[in-house]
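**Student:** Top line first, the protein sequences correspond to chains X and L.
1 is the number of the first residue of the first sequence in my numbering; add one for each residue after it.
491 is the number of the first residue of the second sequence in my numbering; add one for each residue after it.
Please note: incorrect hints may appear among the correct ones.
Here are some of the chain X residues that sit facing chain L, going by a computed Cβ distance under 8 Å [said to hold, decoys possible]: (1) LEU61; (2) PHE130; (3) ILE137; (4) SER144; (5) ILE152; (6) PHE156; (7) ILE160; (8) PHE163; (9) VAL164; (10) LEU167; (11) VAL171; (12) TYR175; (13) MET271; (14) MET274; (15) VAL278; (16) THR443.
Below, in silico cross-link-like pairs of lysine to any residue (SDA-like), each with a Cα-Cα straight-line distance of 20 Å or less [claimed, not checked]: (17) X:LYS157 <-> L:GLN939; (18) L:LYS907 <-> X:LYS57; (19) L:LYS838 <-> X:LYS157; (20) X:LYS100 <-> L:ARG776; (21) L:LYS674 <-> X:LYS21; (22) X:LYS21 <-> L:LYS750; (23) X:LYS57 <-> L:LYS750; (24) L:LYS907 <-> X:ASP59; (25) L:LYS838 <-> X:LYS57; (26) L:LYS674 <-> L:LEU613; (27) X:LYS100 <-> L:HIS839; (28) L:LYS907 <-> X:GLY148; (29) X:LYS100 <-> L:GLY835; (30) L:LYS838 <-> X:ALA458; (31) L:LYS838 <-> X:GLN98.
FYI, nobody ran anything at the bench for these hints, they're computed from the structure.
Keep in mind that this is a model prediction, so the values were computed, not measured.
We put the CB at the ideal spot given by N, CA and C, even for glycine.
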Amino acid sequence: MIALLLILVPLLSGVLTFFIKKEANAKGWALLSSFVTAAVSILGLTLLNKTELLQFKCDWLPGLGSTFSLRLDGMGQLLCLLTAISFPLIFISTWNRQYKNAHNFFALMLLSQAGLMGVFLAMDALVFYFFWELALIPVYFLCSIWGGERRIAATFKFFIYTFVGSLLMLVGLIYLQSLTPDRSFNIESFYKIYFAKGRQENWVFWLIFVAFAIKIPIFPFHSWQPDTYEQSPTAVTMVLSGIMVKMGVFAVIRWLLPVLPHASYAYGEKMVAMWTIVGMLYASLIAWRQNDLKRLIAYSSIAHLGLMVVAIFSESQIGMQGVMIQMFNHGINIIGLWIIVEILEKKFGTRKLSDLGGLAQKAPVMAILFVIIVLANIALPLTNAFVGEFMMFTGIFSSRISSYELITVPLAGLTIIFGAIYMLRMVQKVIYGNTNELTENATDIGPNEKLVLGIIVAMIIVVGVYPQPFLDLTKETTEMILKEANVLPF
Amino acid sequence: MNALIILAVMGVVMMFSGLLLKQRSAVRGVALIGLFVAIVLNVMETYGFHLFKINITGMMYFDRFSLFFNTIAMGCTFIFFLLSGKEMEKVGLQYSDYFALIFFILCGIVLSSSFSSLLILFLGIEIISIPLYILTGSDKRNLKSNEAALKYFLLGSFSTGLMLMGMTLIYGDSGSFAIETITKPETKPSILLIAGLMLLMFSMAFKASVAPFHFWTPDVYDGAPTVFTSFMATIVKAAVFIAFLRLFYVAFGDIHASWKMVIAILTALTLFIGNITAVFQQSVKRMLAYSSIAQAGFMLMAILALNSIGTEGILLYTTAYCLSTIGLFAILVKMKDYTFDGFNGFAKHQPLLAATAVIFLLSLAGIPLTAGFLAKYYMLSAIIRNGDFMWLVIFAVLMAAISVYYYFRVIQAMYFKEGEGQAIEVSTSFKWTIGVVAALVIILGVYPQLLFSWFYF
Numbered sequence: 001m002i003a004l005l006l007i008l009v010p011l012l013s014g015v016l017t018f019f020i021k022k023e024a025n026a027k028g029w030a031l032l033s034s035f036v037t038a039a040v041s042i043l044g045l046t047l048l049n050k051t052e053l054l055q056f057k058c059d060w061l062p063g064l065g066s067t068f069s070l071r072l073d074g075m076g077q078l079l080c081l082l083t084a085i086s087f088p089l090i091f092i093s094t095w096n097r098q099y100k101n102a103h104n105f106f107a108l109m110l111l112s113q114a115g116l117m118g119v120f121l122a123m124d125a126l127v128f129y130f131f132w133e134l135a136l137i138p139v140y141f142l143c144s145i146w147g148g149e150r151r152i153a154a155t156f157k158f159f160i161y162t163f164v165g166s167l168l169m170l171v172g173l174i175y176l177q178s179l180t181p182d183r184s185f186n187i188e189s190f191y192k193i194y195f196a197k198g199r200q201e202n203w204v205f206w207l208i209f210v211a212f213a214i215k216i217p218i219f220p221f222h223s224w225q226p227d228t229y230e231q232s233p234t235a236v237t238m239v240l241s242g243i244m245v246k247m248g249v250f251a252v253i254r255w256l257l258p259v260l261p262h263a264s265y266a267y268g269e270k271m272v273a274m275w276t277i278v279g280m281l282y283a284s285l286i287a288w289r290q291n292d293l294k295r296l297i298a299y300s301s302i303a304h305l306g307l308m309v310v311a312i313f314s315e316s317q318i319g320m321q322g323v324m325i326q327m328f329n330h331g332i333n334i335i336g337l338w339i340i341v342e343i344l345e346k347k348f349g350t351r352k353l354s355d356l357g358g359l360a361q362k363a364p365v366m367a368i369l370f371v372i373i374v375l376a377n378i379a380l381p382l383t384n385a386f387v388g389e390f391m392m393f394t395g396i397f398s399s400r401i402s403s404y405e406l407i408t409v410p411l412a413g414l415t416i417i418f419g420a421i422y423m424l425r426m427v428q429k430v431i432y433g434n435t436n437e438l439t440e441n442a443t444d445i446g447p448n449e450k451l452v453l454g455i456i457v458a459m460i461i462v463v464g465v466y467p468q469p470f471l472d473l474t475k476e477t478t479e480m481i482l483k484e485a486n487v488l489p490f
Numbered sequence: 491m492n493a494l495i496i497l498a499v500m501g502v503v504m505m506f507s508g509l510l511l512k513q514r515s516a517v518r519g520v521a522l523i524g525l526f527v528a529i530v531l532n533v534m535e536t537y538g539f540h541l542f543k544i545n546i547t548g549m550m551y552f553d554r555f556s557l558f559f560n561t562i563a564m565g566c567t568f569i570f571f572l573l574s575g576k577e578m579e580k581v582g583l584q585y586s587d588y589f590a591l592i593f594f595i596l597c598g599i600v601l602s603s604s605f606s607s608l609l610i611l612f613l614g615i616e617i618i619s620i621p622l623y624i625l626t627g628s629d630k631r632n633l634k635s636n637e638a639a640l641k642y643f644l645l646g647s648f649s650t651g652l653m654l655m656g657m658t659l660i661y662g663d664s665g666s667f668a669i670e671t672i673t674k675p676e677t678k679p680s681i682l683l684i685a686g687l688m689l690l691m692f693s694m695a696f697k698a699s700v701a702p703f704h705f706w707t708p709d710v711y712d713g714a715p716t717v718f719t720s721f722m723a724t725i726v727k728a729a730v731f732i733a734f735l736r737l738f739y740v741a742f743g744d745i746h747a748s749w750k751m752v753i754a755i756l757t758a759l760t761l762f763i764g765n766i767t768a769v770f771q772q773s774v775k776r777m778l779a780y781s782s783i784a785q786a787g788f789m790l791m792a793i794l795a796l797n798s799i800g801t802e803g804i805l806l807y808t809t810a811y812c813l814s815t816i817g818l819f820a821i822l823v824k825m826k827d828y829t830f831d832g833f834n835g836f837a838k839h840q841p842l843l844a845a846t847a848v849i850f851l852l853s854l855a856g857i858p859l860t861a862g863f864l865a866k867y868y869m870l871s872a873i874i875r876n877g878d879f880m881w882l883v884i885f886a887v888l889m890a891a892i893s894v895y896y897y898f899r900v901i902q903a904m905y906f907k908e909g910e911g912q913a914i915e916v917s918t919s920f921k922w923t924i925g926v927v928a929a930l931v932i933i934l935g936v937y938p939q940l941l942f943s944w945f946y947f
């Protein structure tokens, strides 16, 4: 029931929003709906033991072997929580922004939330595919209508990239379905697929993995990302980078590792890990030289997500739990960064590092909050990302990746250092130094921005100091997944 | 069976209605009522209730497959009349005759979806084709229309010749026109039979505009009056595919090893040529002509698969494709400028029409939540279930990704580009009808069981 509500609330209120013509009403309605969703999600956290409340199942396409099956497991809880609390934060932080045809904007935002929830909840491959696309379409329209100058070309590139990926994934999923004993799309049936060792499993792995690699994005498939982040309205960039890219990481854990363990580990530990690390270094170096705030954060996101991908294949429970908690943390942190970017852009009309400076004196509250979020993003102890990255590195060090490829792990560690360099460079250029004519008359941030950034900083510190509840939440899921992947001896 | 009689009678009635009824809306009303009666009779027949029975053994066979398709074809024609019936007035003076011709075409469709003898197949295809030649050239003072009609007629008769030749060869081999008895599973097919089969395949491929027999299609679709292009590219094309599938499933299913590879190559070619050429078009009408070739590639997959998913799939595919394309054409007919730029800023002037057009385009591109997605899904699934031709499946999805490019160009023009927007008049009833069609596309995309549980059991 909870699972169904998490999708239905944003979906129905989103459809309704199309018909609310007055801007203020549409805004208020969207915010209300996002609060309700967040409340439902938190309610779900309190009902951990009542499994029958957390799932939903009904017939959908019996002829095709698909049932409309949703379940809120530990990993799903975490990501649904992220989705549910991000949207109110996004709405509040962009409250003062004016949109043309605001009702359409908020309606599409809520629809994309419904799609994201569905991806994290689906326990049936076809349902998963449906929501995977449903999350994409509203975002395509959001970017193309309300985006920057080069929006049409940038978002079209984004759309074609992800659509090619998801079609290949569809072929892979249908093929897997034809191998299941009961010809069903259910995830339990997928677990029962037995491959005779051979080429079959390998190319199915690639068909599906490409879709996820594009979404994450992993190195050779990343070129849509900086353009799209730059051209989208910031509220949409938050959805894209905070939540949507997590779909890829999440999907690898749920739909690839337990279903195709041999191929996943065979390629994941060597080829994918290697590529990803190359991509991380490359993205870090580019981020270092960026002058545009949005592009800088976009490239930093490639590096951070890359580390998660490497850790997924580490064959250890601690690594995988690290990935899950880091998905949540990275979502929160990067939304915080985008909020800062949005504030700066609104105040000064520019995102260029070279045009900013000296804000520490003019806007002290913002400066403090900004620095905390940046420190969290470079994984300083006592912040949330430290927990995640520490666990991921522990996993990677104890895995076969490190024993076979001695060089990769130090390189991955190097990206952390790079991360500190480009993030601190950004802080330095934005808030320290001398003021210039643009920033001379700057004022501090308003109450709603203080509130949102305050909440984010509070979450950063709470999770950083006391991550145990999150680890408990994901324990069962990781055990189950590693058992299906034949890693843990049970 | 009952529907066929009603349709034939209605064709004659419509011919005379022009003399008796002075008002054009009355003519349209008669056509709608007649078609509605035919649909009701056909649905009743699906449920096992016959108004009258005629012995047609050996010639035709109405099974659930053909009855269901007849319902789809007539239902889509009904929607076509509702949406674009008024536009036919602009084509020429013989308003009632156009309805008569369309009713005759529907007779041909019923024949060619329900045949059990090659003779009836031939009759059906010809009854479809000849009125189509006339409709193509119905804009008498337009040179392009004349050219298209002549081209269509010449090439069409040529392919009819091929078809007859093929049937003769098959008759020479098996001594029978009945499709069940043409092949014997135990024996190896003779050269004569294979030659006849290939000739039949190529002539059907011509009628269904499958590459490399597609060259007439863009010119004919472009030259014909847009209202009739809409009918030709959807319902007629779907009917030809149904006949194609029935022929190869029932008659040549046993010897599929000897022709499947040819169909696979035709499919790949059709997908490739249709999609790649559509990318370069500047006119939406011509783009839709090429897109109809590309969609034909997907429908061919049902013939390649020859399993129950494929047959169910082609029924859903034809429904999804017909509804979306008829809806798009209904909007296109009302515009004066057929180029992509003509759609600039369309969403601002006609928000509802633009929104429905988006649904139709998404359906054609095969995006989930629309009928077009599930239709494509069925086709891919049907091939994967058989296990061979995996390369074709991957090729097909890559081509489907290309199709997004040209379908989305229309969306980009309507929503993201600034423009004057053409002032077009639409009545409230048109808006309602097209809204209902768009809703149908979504409903079928979410819950296709609805269609199957009511009409296909």
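**Student:** Taking the hints in turn, state whether each one holds.
**Tutor:** Quick rundown of the hints versus the structure:
Evaluation of the X:LEU61 hint against chain L yields a held restraint, the C-beta minimum of about 7 Å falling below 8 Å. A cut of 8 Å between beta carbons decides the hint on X:PHE130: the least distance to chain L is about 5 Å, and the hint holds. Taking 8 Å as the C-beta contact cut-off toward chain L, the hint placing X:ILE137 at the interface holds, the least distance being around 6 Å. Of the supplied interface hints, the one on X:SER144 holds, with its beta-carbon coming within about 5 Å of a beta-carbon of chain L, less than 8 Å.
For X:ILE152, the interface hint holds, since its Cβ comes within 8 Å of a Cβ in chain L; the closest pair sits about 5 Å apart. Given hint, X:PHE156 at the interface with chain L, holds; its Cβ is 7 Å from that chain's nearest Cβ, closer than 8 Å. This hint holds: X:ILE160 has a C-beta 6 Å from the nearest C-beta of chain L, less than the 8 Å allowed. At a threshold of 8 Å, the smallest CB-CB gap from X:PHE163 to chain L is about 6 Å, leaving the interface hint in force.
The closest approach between the C-beta of X:VAL164 and any C-beta of chain L is roughly 4 Å, which is under the 8 Å cut-off, so the hint is satisfied. Satisfaction of the interface hint for X:LEU167 is found here, the shortest Cβ-Cβ separation to chain L being roughly 4 Å, below the 8 Å cut-off. Because the closest C-beta pair between X:VAL171 and chain L is about 5 Å apart, less than 8 Å, the hint holds. Given hint, X:TYR175 at the interface with chain L, holds; its Cβ is 5 Å from that chain's nearest Cβ, closer than 8 Å.
With a cut of 8 Å, the hint placing X:MET271 at the interface with chain L is violated, because the nearest CB-to-CB distance is about 20 Å. A distance limit of 8 Å between C-beta atoms decides the matter here; for X:MET274 the minimum to chain L is near 25 Å, and the interface restraint is violated. Hint status for X:VAL278 relative to chain L: violated, with the closest Cβ pair at about 26 Å, above 8 Å. Against a cut-off of 8 Å between C-beta atoms, the interface hint on X:THR443 is violated, since the closest Cβ of chain L lies about 35 Å away.
Straight-line distance between C-alpha atoms of X:LYS157 and L:GLN939 comes to about 35 Å, which puts the hinted pair past the 20 Å bound. Taken as a hint, the L:LYS907 and X:LYS57 pair is broken in the structure, with Cα atoms around 43 Å apart against an allowance of 20 Å. Taking the CA atoms of L:LYS838 and X:LYS157, the gap is about 25 Å. The hint is violated against a cut of 20 Å. Using a Cα cut-off of 20 Å, the hinted pair X:LYS100 and L:ARG776 is violated, with the two alpha carbons roughly 34 Å apart.
For a cut-off of 20 Å, the pair hint linking L:LYS674 to X:LYS21 is broken: about 68 Å separates their Cα positions. Under the criterion of a C-alpha separation no larger than 20 Å, the hint pairing X:LYS21 with L:LYS750 is inconsistent with the structure, at around 56 Å. The suggested pairing of X:LYS57 with L:LYS750 is violated, with an alpha-carbon distance near 40 Å, which exceeds 20 Å. Between the alpha carbons of L:LYS907 and X:ASP59 the distance comes to roughly 42 Å, so the proposed pair goes past 20 Å and is violated.
With a C-alpha separation of about 41 Å, the suggested pairing of L:LYS838 with X:LYS57 is violated against the 20 Å cut-off. In summary, the hint linking L:LYS674 to L:LEU613 is not supported, as the alpha carbons are separated by about 25 Å, beyond the 20 Å threshold. Restraint check for X:LYS100 and L:HIS839: satisfied, since their Cα atoms lie roughly 16 Å apart, inside the 20 Å limit. Restraint check: the Cα-Cα separation between L:LYS907 and X:GLY148 comes to about 13 Å, which is no more than 20 Å; the hinted pair holds.
Pair hint X:LYS100 plus L:GLY835 holds up; C-alpha atoms about 15 Å apart against a cutoff of 20 Å. The straight-line distance between the Cα atoms of L:LYS838 and X:ALA458 is roughly 44 Å, outside the 20 Å bound, and the hint therefore fails. Straight-line distance between C-alpha atoms of L:LYS838 and X:GLN98 comes to about 19 Å, which keeps the hinted pair within the 20 Å bound.
Figure legend: structure checked against the earlier numbered hints; hints not met, in rising order: 13, 14, 15, 16, 17, 18, 19, 20, 21, 22, 23, 24, 25, 26 and 30.
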